[in-house]
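Colleague: Residue-level listing of the chains:
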Amino acid sequence: GESVGLHLPTLSVQEGDNSIINCAYSNSASDYFIWYKQESGKGPQFIIDIRSNMDKRQGQRVTVLLNKTVKHLSLQIAATQPGDSAVYFCAAYYGGSQGNLIFGKGTKLSVKP
Amino acid sequence: NAGVTQTPKFRILKIGQSMTLQCTQDMNHNYMYWYRQDPGMGLKLIYYSVGAGITDKGEVPNGYNVSRSTTEDFPLRLELAAPSQTSVYFCASSIPGGTEAFFGQGTRLTVV
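Protein chains in written order, with this note's numbering: chain A, 1 to 113; chain B, 114 to 225.
One should not assume that every hint holds.
[As the list claims (entries may be wrong)] Only pairs whose alpha carbons sit at most 25 angstroms apart, straight line, appear in this in silico DMTMM-like list of lysine to aspartate or glutamate:
| # | chain 1 | residue 1 | chain 2 | residue 2 |
| --- | --- | --- | --- | --- |
| 1 | A | K42 | A | D55 |
| 2 | B | K157 | B | E213 |
| 3 | A | K42 | B | D151 |
| 4 | B | K170 | B | E185 |
| 5 | B | K157 | B | E185 |
| 6 | A | K42 | B | E213 |
| 7 | A | K71 | A | D55 |
| 8 | B | K122 | B | D186 |
| 9 | A | K112 | A | D84 |
| 10 | A | K105 | B | D139 |
| 11 | A | K105 | B | E172 |
| 12 | A | K108 | B | D151 |
| 13 | A | K68 | B | E213 |
| 14 | B | K157 | A | E39 |
| 15 | A | K108 | B | E172 |
| 16 | A | K56 | A | D31 |
| 17 | A | K56 | B | E172 |
| 18 | B | K127 | B | D139 |
| 19 | A | K105 | A | E39 |
| 20 | A | K71 | A | D49 |
| 21 | B | K170 | A | D31 |
| 22 | B | K157 | A | D49 |
| 23 | A | K108 | B | E185 |
| 24 | A | K71 | B | E172 |
| 25 | B | K157 | A | D31 |
| 26 | A | K42 | B | D139 |
| 27 | B | K157 | B | D186 |
| 28 | A | K105 | B | D151 |
| 29 | B | K157 | A | D84 |
| 30 | A | K71 | B | E185 |
| 31 | A | K71 | B | E213 |
| 32 | A | K42 | B | E172 |
| 33 | A | K105 | B | E213 |
| 34 | A | K108 | B | D186 |
| 35 | B | K122 | A | E39 |
Read the hints as simulated data drawn from the structure, not as lab findings.
Chain B extracted, bound-state conformation (with noise of 0.2 angstroms):
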């Protein structure tokens, strides 16, 4: 059971570029998250999905986008990186009113 995965685990970027997080889930589940986690702090959701073709804006979402096009995929795309963007993110997926997110082993981003 691969469960949710996430690509790349560990990326540099430079300031101004842009790139896409991958997130992609055999569980078959309708909810999909994406949460960045800053050191010493929460998880803070930055989009989610409650289906393919439906997404909307979590507690931080600027600097970011997202699409659904199928319900295993999740991308999230950082464009114009900046440095308050580094932070390990995390995308989670759950079936419809679960409770139980099912997470990533997150990818570690450093933008400098």
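Next comes chain A alone, as it looks inside the complex (with noise of 0.2 angstroms):
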């Protein structure tokens, strides 16, 4: 079945330095991949996607990158501020006429001012 899972639960970073969140996934069958930040007492808000064929994406001071060869995908993230810390999940999208969104566990990441 599907698994979406990440490396570590906790990660601690100071101030100004980038922050790389990790994840593993186990079903190739996805069409893409997906980011969501949850701040505390809140519902989880997109980041950002990419599609399973591509290899990396950017945003406003965020980069996806997807390794298919051993499954895995990373969000970095650059000069992270206080603003950035939440939990972040990763998920993976599987579409046709059932699409469905399935979430790993999480990695809360704190910023240390």
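Could you use the hints to bring the two separately framed chains together as a complex?
Modeller: Below you can see the structure in the form of structure tokens.
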């Protein structure tokens, strides 16, 4: 079945440093991989997605890398800010007529001032 | 813009009671989802719907039921509540084939 997991449950970085959050997946049949951010007491919020036939996609201060050979993706956050403190989830989207979104467990990012 | 609205925000149920978690969205999204999030865990898909009148099971459907009579509403019904259903429940919606799902604020449910 589908499985999306994360390497580390917590990550602590200094403000201004770059953050890298990793994720592994088991099912190669997904159409997209997505990163969501969840702040305390709120629902997850979309950050960026990457189509499964791409290797890299950049957004504002974020970059997602996809390595299909080892079934691994990562989210890089440049110049991490206190507002980036949250739990980050990777998710896999399986499309077709029954589109659904499978989430991993999450990594809690803490930014030290 | 209201987006996705869930009610109630908090609820305590006794074992064996039933309740309906309400979810409504005003974005005219065809796809809607129900997830549960246990402490320290990711979101697990309970049920989803690709349009009015169409629903399907996700990873963890046992103990829950859904209906989708309109595009806007996607209520989740718990029958015979059990302690294992203590969790935070999130409703979400998206356009067909969309990877950006919009989430509600969640319902924190405790079954005692």
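Colleague: Does each hint fit the structure? Answer for all of them.
Modeller: So, going through the hints one by one against the coordinates:
no., hint, verdict
1, K42/A to D55/A, "violated (30 angstroms)"
2, K157/B to E213/B, "holds (17 angstroms)"
3, K42/A to D151/B, "holds (14 angstroms)"
4, K170/B to E185/B, "holds (19 angstroms)"
5, K157/B to E185/B, "holds (22 angstroms)"
6, K42/A to E213/B, "holds (16 angstroms)"
7, K71/A to D55/A, "holds (11 angstroms)"
8, K122/B to D186/B, "holds (17 angstroms)"
9, K112/A to D84/A, "holds (11 angstroms)"
10, K105/A to D139/B, "violated (29 angstroms)"
11, K105/A to E172/B, "holds (14 angstroms)"
12, K108/A to D151/B, "holds (15 angstroms)"
13, K68/A to E213/B, "holds (22 angstroms)"
14, K157/B to E39/A, "holds (18 angstroms)"
15, K108/A to E172/B, "holds (24 angstroms)"
16, K56/A to D31/A, "holds (15 angstroms)"
17, K56/A to E172/B, "violated (29 angstroms)"
18, K127/B to D139/B, "violated (32 angstroms)"
19, K105/A to E39/A, "holds (15 angstroms)"
20, K71/A to D49/A, "holds (16 angstroms)"
21, K170/B to D31/A, "holds (20 angstroms)"
22, K157/B to D49/A, "holds (19 angstroms)"
23, K108/A to E185/B, "violated (33 angstroms)"
24, K71/A to E172/B, "holds (22 angstroms)"
25, K157/B to D31/A, "holds (19 angstroms)"
26, K42/A to D139/B, "holds (19 angstroms)"
27, K157/B to D186/B, "holds (20 angstroms)"
28, K105/A to D151/B, "holds (10 angstroms)"
29, K157/B to D84/A, "holds (24 angstroms)"
30, K71/A to E185/B, "violated (36 angstroms)"
31, K71/A to E213/B, "holds (22 angstroms)"
32, K42/A to E172/B, "holds (22 angstroms)"
33, K105/A to E213/B, "holds (18 angstroms)"
34, K108/A to D186/B, "violated (32 angstroms)"
35, K122/B to E39/A, "holds (16 angstroms)"
Violation of the numbered hints given earlier is confined to hints 1, 10, 17, 18, 23, 30, 34; the remaining hints are satisfied by the structure.
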